[in-house]
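**Student:** Got chain A sorted already, so can you dock chain R onto it with the hints?
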Amino acid sequence: MRRLLAGIAVGTFLVAASACGSSDGGGASDKNASSGGTTTVKLGVIPIVDVAPVYLGQKKGFYAKHGLKLSLTTAQGGAAIVPGVVSGQFQFGFSNMTSLMVAQSNNVPVRAIANGVASTGVTGKDFGAITVKKGSAISSPKQLEGKKVAVNTLKNINETAVRESVRKAGGDPAKVKFVELAFDQMPAALDSGQIDAAMVVEPALATVRSQGATEIASSLVDVAKDLTVAMYFTSNQYAQQHPDTVKKFQAATAESLAYADTHPDEVRAIVTTYTKIPAAVLAKVTLPKWPAGANRASIEALEQLGQQDGLFKTAPDLDKLLP
Amino acid sequence: MKRRQPHAGGAARVPNAVLGAAGLAAFLALGEVVPRLGIVKERYFPPTSRIAGALVDEIGERAFWTDLGDTLTGWALGLAIAVGAGIVAGVTVSVVPYLREATASTIEFLRPIPSVALIPLAVLLYGTELRSVLLLVVYASFWQVLVQVMYGVRDVDPVAEETARSYGLGTWARVRHVLWPTALPYVMTGVRLAAAVALILTVTAELVIGAPGLGARIAVAQASQAVPEMYALIVVTGLLGLLINVGARSVERHALAWHQSVRGEVAV
Chain A
0 MRRLLAGIAV GTFLVAASAC GSSDGGGASD KNASSGGTTT VKLGVIPIVD VAPVYLGQKK
60 GFYAKHGLKL SLTTAQGGAA IVPGVVSGQF QFGFSNMTSL MVAQSNNVPV RAIANGVAST
120 GVTGKDFGAI TVKKGSAISS PKQLEGKKVA VNTLKNINET AVRESVRKAG GDPAKVKFVE
180 LAFDQMPAAL DSGQIDAAMV VEPALATVRS QGATEIASSL VDVAKDLTVA MYFTSNQYAQ
240 QHPDTVKKFQ AATAESLAYA DTHPDEVRAI VTTYTKIPAA VLAKVTLPKW PAGANRASIE
300 ALEQLGQQDG LFKTAPDLDK LLP
Chain R
0 MKRRQPHAGG AARVPNAVLG AAGLAAFLAL GEVVPRLGIV KERYFPPTSR IAGALVDEIG
60 ERAFWTDLGD TLTGWALGLA IAVGAGIVAG VTVSVVPYLR EATASTIEFL RPIPSVALIP
120 LAVLLYGTEL RSVLLLVVYA SFWQVLVQVM YGVRDVDPVA EETARSYGLG TWARVRHVLW
180 PTALPYVMTG VRLAAAVALI LTVTAELVIG APGLGARIAV AQASQAVPEM YALIVVTGLL
240 GLLINVGARS VERHALAWHQ SVRGEVAV
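Quick note, the sequences are listed as chains A and R, same order.
Going by numbering that gives the first Met the number 0, 131 is the number at position 132 of the first sequence; the sequence numbering is gapless.
Going by numbering that gives the first Met the number 0, 234 is the number at position 235 of the second sequence; the sequence numbering is gapless.
Here chain R stands alone, though its shape is the one from the complex:
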C-alpha cells in the first residue's frame, strides 16, 4: 500500500525513460532465458548475450558503418523529399478547391498501394542503387505527410481566414500567418509518422532489392546462415527506429512549443 501511493500520486516522477529502459531490460532478459531453457532452439534464436557478442563484432567492422551510413542516407534523403513534396502538394491541393476535388479519388487510389509492390519498377528504372530505395521510401512516406497536411489545412478556422481576408492579406500571407500555424501540428504528426515509415521502407528495399545498406547486410547474413549476426543487425535497425522516434518527438516539441501553450489557454 505504501508503495502504491507515490506511484499513483506522482506518475510523472518516474521518468518515462526509466520505465522504458526497465521494459527493454526485461525483454532482453527474456531473450536470454527462452533459448537457454530450450523453449526455442538456440541455433535459430540465439540468446541475447550471443546476439550482443555478434553486435560488438559488427560494430568493429568498417563495412558495418558504411552500410549504416547508406541506410541513414536513404532514410534522410527519402524523408526530406517526401516531407518537402508532401507539404507543397498538400497545401497546393487544399488551397485550390478545384484541385482538391480533382485529386481526392486519385489520392485514395494511390495511397493504399504498398510501396514494396513497386520494387520491380524501381529495379527497372534504377537497378539496385540508392535511387531505387528513394523511390520506395518517398512513395510510402509522401502520403503520410500529404494527408496530414490536408487535414491540417481543413482545420483552419474560417473566422480567422475571413478576418485575414478582410484585412486584405494576400494568398501567400494567409498561407503563412493563418494556414501554416494551424496546419503545423498536423504536419509534425505527418513528419513523425513518415520518419518511421521511411526507415522501414529503406531497410525493406535494401533487404529485398539488395541496395547497399543495413537491409542488404541482413540479407547476406540470412543467406549465410549467420544467425546471431542477423539478429544483431535487426537489433540495430530497431535501435535506429527508437532514435528516430525520439528525435522526431523532440523536433515536434520544439516546433510546437508556442502552439501547445496557446492551445492550452484556449481550451481552458
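This is chain A alone, in the form it adopts within the complex:
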C-alpha cells in the first residue's frame, strides 16, 4: 500500500512535469511557428459580445487568409489579460481604453494595434447606459448627487463616463457615491434597491430593460461621439520583434470588424458559441459598433476626462500607445 502510494505520488509528479514541459514547447513554437505560412497567436479575450468580430473573423477565415491562426483564450477581465500579454503568455489581448492608458502612463509596455469596439454614438440606443429602477424619482444624471451608483470597476472607463454624464447635466460628479459591482449583479441590486443607479452594459442592460428600468443617460456617448471603448493590444517587445505578425493581425482584424458591423445576425449567432446569453435576451441586446479604425479624437476626450478625475499619474503618451 505504502509503496503504491509512493508510486502514485512520483508518477503524478512526472506527469505534471511532462505536462509543463510539453506546453512550454507549445509556447515556444507559438512564437516562431511560421512553418507552412501559418503563425499561431494567442489572443486573450473576455467572453462578451464586444469580441464577436474575432470569433466571426476566425470562422470566416479572415485570419487564415492572412496566415494567422488565432488561439482564443478567454480570461475573466483585464486583470488577467494585461499581465498575460506583457509577460508574453498571450501575443495579443483585448482591453478597454482607460485601462490601456493607465497601463501606458505607468510605463507598462503596451501598444494598441487594432480597433476593438466602439459605442454606437446614439443617445438612448447604446450598448451601455446609466439605468434607474422602474418608478425611480431620478430622471437626470444631475440627481445622482449623493446617490449610490454602481460601476463595474472603480477609477476606470465607466466611472469616467458616469462622471461626464453628471457633469454635462449640471451636477457635481464629486458628490456621487460610486460602488463597485460586477455587471451581472447590477440588475438584482438595482431591482432590490441596494443601489440607486447602475452603469450597465449588454447583456445585463437587456435584463435591466426587461425589468422596466429607465435609462437616464448614454454615458459612453456623453464622453465623446463614437467613443472607441476598447482595443486589441500587444506588448512593445512583441510589436518590435514581430512587426509582420502584427500587420497581419491588424489587416485580418480590420476585415473582421467591418464584416461584423454589417452582419448583425451572424454576430448574434456567433455570440451563442462562446457565451451563454439566453436567446430571448440576445435578441434584445443592442450591438456595439465595430469601425475598422480607432477614433483618436474620442480617445483624447477620454484621456482628458481621466486626467481631470486623476486616473493617471502622468499623462499617457497616445502617440506611443496608438497605432
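Hints listed in this document are in silico derivations from the structure and should not be mistaken for laboratory results.
One thing to keep in mind: the hints can contain errors.
To be verified - Below, computed lysine-lysine pairings styled on DSS-like, alpha-carbon distance capped at 27 Å:
no., chain 1, residue 1, chain 2, residue 2
1, A, Lys154, A, Lys68
2, R, Lys40, A, Lys283
3, A, Lys133, R, Lys40
4, A, Lys167, A, Lys146
5, A, Lys283, A, Lys312
6, A, Lys174, A, Lys133
7, A, Lys224, A, Lys141
8, R, Lys40, A, Lys147
9, R, Lys40, A, Lys146
10, A, Lys176, A, Lys154
11, A, Lys174, A, Lys141
12, A, Lys124, A, Lys64
Unchecked claim - A few chain R residues that don't get close to chain A, going by computed Cβ distances all over 10 Å:
no., residue
13, Lys40
14, Arg42
15, Thr102
16, Arg153
17, Pro157
18, Leu168
19, Val177
20, Tyr185
21, Ala222
22, Ile233
23, Leu241
24, Ile243
Stated by the list, open to error - Residues from chain A that face chain R, not an exhaustive set, calculated with beta carbons under 8 Å:
no., residue
25, Pro82
26, Pro202
27, Ala203
28, Ala314
Note that the Cβ used here is the ideal one computed from N, Cα and C, for glycine as well.
**Tutor:** Only chain R this time, still in chain A's reference frame:
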C-alpha cells in the same frame, strides 16, 4: 414515544446516507418553494426544478464534459503534487531538528497567505493555463498536508523510537516502521482536507482567471445573465465536493483499517 425508542436505541440502524438524502431532499424542496412563493425573486434565484432543467441541458452538452474534465484534471494534479510535496517536506523538516527550527516561522508566515492573492503572479507566470490553476491549488493544499504530517511526526512515541534505535534500525527503516505508521492517520486527515481545499481553489482559479473548467463556465453564465445555468453549474461543483469527500473518507478508512483496530485495543 414508540417511535423514539428505535431511534435512540439503534442510531446506527438508520444509515447516514438515508439521513443525508433526506436532508438534501428537504433543502431542494425549500429551494423550489421559496422562489415560487415570491420570498426571493425567481429571476435571480430560480426554483430547483428550473435549475434541474438547466442541469439536464448542461449534461447534454459536450463542452460541459470537457470543462468538467479540465476541473478534475486541475484538482487531481494539484492535489497529487501537494500531497507528495507535503509528505516529503513534512517528514524531512520534522526529522531534522535544525530544519524544524529554521522553517517554523517561515511556515507560519506563508501558511495564512490566501492562495487567491497569488492570482496576479500566476497569470504573469503562466497566463490562463492549467499551470496557473495548479500554482494556486498546490499552494493552498500543500500546507494542509504539511502541517498534518508535522503533527503526526511529533506524535511518534519516543519509547518506540528509542527502541527502534537500540535495535539498530537506520533512519530510513525508522521512518518506514515507526514514524510513518504513527503519522499516517494525520496524513490521511491532511489529504482529506487538502482534497476539499484543492477543489475549492480549482474552481475559484477558473472563475477568477478564466482558465478552462467549470469555474470559467460559471463565470460565462454569470456574465451572460444565464441564471439557471449558473446555479446548475454551481450545483455540479457542490456534487463534486460531496463525491470527493466520500471518496477521501473511504480511502482513509481503507488505509487505516489496521490502525483503528490497533488503537481501539490499546485504548481499552
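**Student:** All hints are to be evaluated individually against the structure, with a verdict given for each.
**Tutor:** Status of each hint after checking the structure:
1. Lys154/A to Lys68/A: violated, 35 Å
2. Lys40/R to Lys283/A: holds, 22 Å
3. Lys133/A to Lys40/R: Holds, at about 16 Å.
4. Lys167/A to Lys146/A: Distance of about 17 Å is within 27 Å: holds.
5. Lys283/A to Lys312/A: violated, 40 Å
6. Lys174/A to Lys133/A: It holds: about 23 Å lies between the C-alpha atoms, which stays within 27 Å.
7. Lys224/A to Lys141/A: holds, 20 Å
8. Lys40/R to Lys147/A: It holds: about 22 Å lies between the C-alpha atoms, which stays within 27 Å.
9. Lys40/R to Lys146/A: holds, 24 Å
10. Lys176/A to Lys154/A: holds, 12 Å
11. Lys174/A to Lys141/A: Between Lys174/A and Lys141/A the Cα gap is close to 10 Å, so the pair holds against 27 Å.
12. Lys124/A to Lys64/A: Violated: Lys124/A and Lys64/A sit about 35 Å apart, past 27 Å.
13. Lys40: Its Cβ does come within 10 Å of chain A, the nearest being 7 Å, so this is violated.
14. Arg42: Check fails; 8 Å does not lie beyond 10 Å.
15. Thr102: Thr102/R is indeed farther than 10 Å from all Cβ atoms of chain A, at 21 Å.
16. Arg153: holds, 20 Å
17. Pro157: holds, 23 Å
18. Leu168: Since the minimum Cβ distance to chain A is about 16 Å, Leu168/R lies beyond 10 Å and the statement holds.
19. Val177: Non-interface label on Val177/R holds, nearest chain A Cβ at 13 Å vs cutoff 10 Å.
20. Tyr185: holds, 15 Å
21. Ala222: Non-interface label on Ala222/R violated, nearest chain A Cβ at 5 Å vs cutoff 10 Å.
22. Ile233: Its Cβ never comes within 10 Å of chain A, the nearest being 14 Å, so this holds.
23. Leu241: Holds: least Cβ distance 23 Å, greater than 10 Å.
24. Ile243: holds, 16 Å
25. Pro82: holds, 5 Å
26. Pro202: This hint holds: Pro202/A lies near chain R, its Cβ roughly 5 Å from the closest one there, short of 8 Å.
27. Ala203: Holds: closest Cβ of chain R sits about 6 Å from Ala203/A, inside 8 Å.
28. Ala314: violated, 26 Å
The structure fails to meet hints 1, 5, 12, 13, 14, 21, 28 from the earlier list, while all remaining hints are met.
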